[in-house]
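Read top to bottom, the protein sequences are chains A and B. Residue numbers 1 to 563, in our numbering, belong to the letters of the first sequence in order. Residue numbers 564 to 1126, in our numbering, belong to the letters of the second sequence in order.
Do not rely on the hints blindly, as some may be mistaken.
[Stated by the list, open to error] So the derived label-pair ranges between C-beta atoms look like this: (1) B:Ser842 x A:Asn554: 39 to 49 Å; (2) A:Ser55 x B:Val623: 52 to 62 Å; (3) A:Glu268 x B:Val623: 30 to 40 Å; (4) B:Arg1118 x A:Gly343: 24 to 34 Å; (5) A:Thr89 x B:Asp774: 32 to 42 Å; (6) B:Asp774 x A:Asp438: 56 to 66 Å; (7) A:Ala240 x B:Gly731: 19 to 29 Å.
[What the hints assert, rightly or not] Every beta carbon over 12 Å from chain B, so not counted as near; a handful from chain A, in silico: (8) Ser55; (9) Ser118; (10) Ala204; (11) Ala331; (12) Val361; (13) Gly428; (14) Phe430; (15) Asp465.
These aren't lab readings, by the way, just hints derived from the structure by calculation. All C-beta atoms, glycine included, are put in the ideal place defined by N, C-alpha and C.
2 protein chains.
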Amino acid sequence: MATKNGGFVALLLLLSFLLSSPLPARCDAPLPVNVWPKPTSMSWAEPHMAVRVSSSFHVVAPSGNAHLLSAARRYAALLLAERYRPLVTPAVNVTAGGAGAGAAGRGAELGYLTLAVSDLHAPLQHGVDESYALEILPACAAATVTAATAWGAMRGLETFSQLAWWCGRERAVLVAAGVRVEDRPLYPHRGLMLDTGRTYFPVADILRTIDAMAANKMNVFHWHITDSQSFPLELPSEPALAEKGSYGDGMRYTVDDVKLILVSCAGEFWLPDASDWPSRLAAEPGAGQLNPLEPKTYQVMSNVINDVTSLFPDGFYHAGADEVTPGCWNADPSIQRYLARGGTLSRLLEKFVGAAHPLIVSRNRTAVYWEDVLLDQAVNVTASAIPPETTILQTWNNGGNNTRLIVRAGYRAIVSSASFYYLDCGHGDFAGNDSAYDDPRSDYGTSGGSWCGPYKTWQRVYDYDVAGGLTAEEARLVVGGEVAMWTEQVDAAVLDGRVWPRASAMAEALWSGNRDATGRKRYAEATDRLTDWRHRMVGRGVRAEPIQPLWCRNRPGMCNLVR
Amino acid sequence: MATKNGGFVALLLLLSFLLSSPLPARCDAPLPVNVWPKPTSMSWAEPHMAVRVSSSFHVVAPSGNAHLLSAARRYAALLLAERYRPLVTPAVNVTAGGAGAGAAGRGAELGYLTLAVSDLHAPLQHGVDESYALEILPACAAATVTAATAWGAMRGLETFSQLAWWCGRERAVLVAAGVRVEDRPLYPHRGLMLDTGRTYFPVADILRTIDAMAANKMNVFHWHITDSQSFPLELPSEPALAEKGSYGDGMRYTVDDVKLILVSCAGEFWLPDASDWPSRLAAEPGAGQLNPLEPKTYQVMSNVINDVTSLFPDGFYHAGADEVTPGCWNADPSIQRYLARGGTLSRLLEKFVGAAHPLIVSRNRTAVYWEDVLLDQAVNVTASAIPPETTILQTWNNGGNNTRLIVRAGYRAIVSSASFYYLDCGHGDFAGNDSAYDDPRSDYGTSGGSWCGPYKTWQRVYDYDVAGGLTAEEARLVVGGEVAMWTEQVDAAVLDGRVWPRASAMAEALWSGNRDATGRKRYAEATDRLTDWRHRMVGRGVRAEPIQPLWCRNRPGMCNLVR
């Protein structure tokens, strides 16, 4: 309703919606068109209606927030250009006549969508309010997104865009009408980690990935920007890092000069004795660890932290600290002397972290470390070096067990359990000259040679409960999760198919959960919706992998294991 | 040497090469540039030379074979447009001066390559001679490919193309010089099977795949064109097949009308009791089998065979016969009556095959069946229905054991053992509503829910010996192998990465083997070569998956498990 008090009226409508009788018993019945992630609540009045999108469709946004204005233009353009054809033709009635009916009796057309935002200038930081309400009224062809922040409004715009499709018969873009959505995420941290240290990804591929994340209402891009294999980040204060450490001229991310940094066991073969894993110098090929005894280390570290926090405005700074390999430090003469004088590897790590952490905090950031910094058996720091108030820990081992250890120690947790959320698992291992393949029976005992095999299917990702096994009190410290795309064997040629739609599975689990209203896991009901969502993503240029033959989508239930 | 007796001189040179002392001890030393599959023998005189490709480079082909003339133009264009930059800059000396030196003293440039073919009109059929010899002489910048047939000449052209690269420093395309190659395949049948029944693939994607196959010297495209889920092939005599059976208007392969065919258990849910696998109606969702008791079946079968053998000129006709599901036939009333009268399912299948086989043979084809037709425990035919002289069997179960059974029964074998050559394995299973995922410990016991998991790595594919465990006599009946791309969860968005470079691994194993001159498996030495070949394929438009981080290619041996 396009009234002066549009927002207030919308609010009244929402209140009445909340106070009305419980949702119809058929609330889990398949809808002709769906939104991924499934909204917290969505209703579509029956019979299902749809309205044509006017050729002059636009989004009315309050002025004062440039990002919101940009999103308004972007989504209006998306709607006007939409040619997404659903795999299964939606069964809807297209509105005819009524207020605003266009020439030639074409019926009401949707001319615009209005954005109503309470706090237009709320900054984009972790934990910002992303909730929204969306309403599309058929009779007078009006649509409204109401949100607390501009970021919530953008979530609403994305939902709106997924309720639109190209109807060949009408030769028009239609959008579902008689729809009410109320939506908010379960977890504030819903991320994808992309490793650009093992493999360089052109900026265009990263941007496309971030766009796809936004479409999936994911909100954290964890840019694992450097690693042992390459350092593509050009830092003004340390130019030699990218100059010497990047894969090449065309494979860097900023153009600045950096200086060389000193390391232990640099350039050594990573596994001197394949039969003695503890003697390794690194967890995988590419040996070399910072030497905390080397004074220059702190000069470079300080420069890196300063430059990176100037480059990236985010509230979190990921300081790594996973897989600190004892063998590497033990091979360093200076560290050998230190150990002989009574030092320990843990105190050595704490020396480093103890210097890095305050620097990070002084730049007004929360430090994120991999769980190892606290939980590693061999090399770990005390809690005093990483105060919980300024620290978040990211899990990757032992499923829910390590999550529990972390939250019980009082730390917030980002969950990335390898057994569920590591997207690289299952394509073998990349180490060469592996004689295990000489035995045709091997197949690596069905892990396929991948340390974290097998491949994590979308169902595995979807079904994971990041707070599983925790008490309600403990679960409050789980801020969310990240799927991790380690890239030893992934580059731009195959990126999309490896990330999507499995990341979409996590996106829904962390946005609105993986259970239905009765508390049962809802992966069965999610299957067709994910097929549709994947199809829409492909239409938007993301080469996501299919999850079933098309045959299945045309015959609901016929491809189930159990009918 | 550009003499009138060029061919004879080349032959003398080749003879002298063969009669000379054994290959240098460093014959397995890494070369600056390589060919995939590795040729049977290749030598590159030291110091390694390279010659510039002239801007007027062309391929001189004998007239009389249109395919060869087309290939000549195609490869000349490829050479002139080559911008492939090797991951590791080849260490070579670029020729300077000498006969044919261009203006400005740029040194000898390669102006043309000559094709010399003995049997220009040998038809392209299974078992055709694909051998060739290639010689690139540095001093006078001449190149020659000598082959028995036009098809061998094309193999030589492909090899030549892989010895060329773009040199930024010279700002020119260079090609290795002082090179002699003699090459021929070990196996006559080196194929890729693509399943366009589960998923439709646009013609452009199939053509790109076939181009990639040719680059890998693979020679059989096994087009698994229809299956339970869809029938995209338009046949003049049976139009209803594609009309009703295809996924849709835009998802067919020829435009003809077909008639509907009658089947047992059509449209039934495939697995009535998930706890009773033997009671299934199909091996996977999509139930329905031809009913050999239905007279119309033979009318349609005959029409299909006639139309398909008119459409496809190949000498082989694949007549399927895998996974004939007893439950489906047992559920059919007419078959139940047949069984009650003393019939058996095996005799029922033999009734069908006994009618199909003579038809196929009458069209002058060899019939290929999946191994099941002979080896299935429950439903199989006698040898009299499928005489070895006109039959080839394709394996997929029990590795070398079934290959042995087949050749011992006197049949030729095409090897596609699922445990090694099935490219679909390891990405889970596509059946929905699978409660196994409710158990976070499950992960399907590390098979990842894939019946043939885990994913078959390139090493697993490369290392497989299709004739392993056979006597020399038995091995003679193994005509080769096929990697199989079943497409329940693959479509055009992800096809390239799923097929390549793993199909390249089989391509080399079946072309020149997987062992070095001492008889040891050579996967370690193959790693860097495959990384380079994959990189070249990407440059040619094939979005193949990487096998190692770039870091590894820059540091030979450093990414090995054992140094």
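Here is how each hint holds up against the structure:
1. Between Ser842 (chain B) and Asn554 (chain A) the C-beta distance comes to about 25 Å, which lies outside the given range of 39 to 49 Å.
2. The hinted range of 52 to 62 Å is satisfied by Ser55 (chain A) and Val623 (chain B), whose Cβ atoms lie roughly 59 Å apart.
3. Between Glu268 (chain A) and Val623 (chain B) the CB atoms are about 53 Å apart, so this pair departs from the stated range of 30 to 40 Å.
4. Distance hint check: the CB atoms of Arg1118 (chain B) and Gly343 (chain A) are about 32 Å apart, consistent with the given range 24 to 34 Å.
5. Remark: the range hint 32 to 42 Å for Thr89 (chain A) to Asp774 (chain B) is upheld by a beta-carbon distance near 36 Å.
6. Evaluation of the 56 to 66 Å hint for Asp774 (chain B) and Asp438 (chain A) yields a failure: the beta carbon distance comes to about 33 Å.
7. At roughly 23 Å, the beta carbons of Ala240 (chain A) and Gly731 (chain B) sit within the given window of 19 to 29 Å.
8. No Cβ of chain B comes within 12 Å of the Cβ of Ser55 (chain A); the nearest lies about 26 Å off, and the non-interface call holds.
9. Non-interface status of Ser118 (chain A) relative to chain B is upheld: no Cβ of that chain comes within 12 Å, the nearest being about 39 Å off.
10. No Cβ of chain B approaches the Cβ of Ala204 (chain A) within 12 Å, the least distance being about 15 Å, so the stated non-interface status holds.
11. The non-interface label for Ala331 (chain A) is consistent with chain B: the shortest C-beta to C-beta separation is roughly 16 Å, beyond 12 Å.
12. A cut-off of 12 Å between C-beta atoms confirms that Val361 (chain A) is not in contact with chain B; the least separation is 33 Å.
13. With a cut of 12 Å on Cβ distances, Gly428 (chain A) falls inside the contact zone with chain B, its closest approach being about 3 Å.
14. The non-interface label for Phe430 (chain A) is inconsistent with chain B: the shortest C-beta to C-beta separation is roughly 5 Å, within 12 Å.
15. With a least beta-carbon separation of about 7 Å from chain B, Asp465 (chain A) fails to lie farther than 12 Å from that chain, contradicting its non-interface assignment.
Of the hints listed earlier, those the structure fails to meet are numbers 1, 3, 6, 13, 14 and 15, in rising order.
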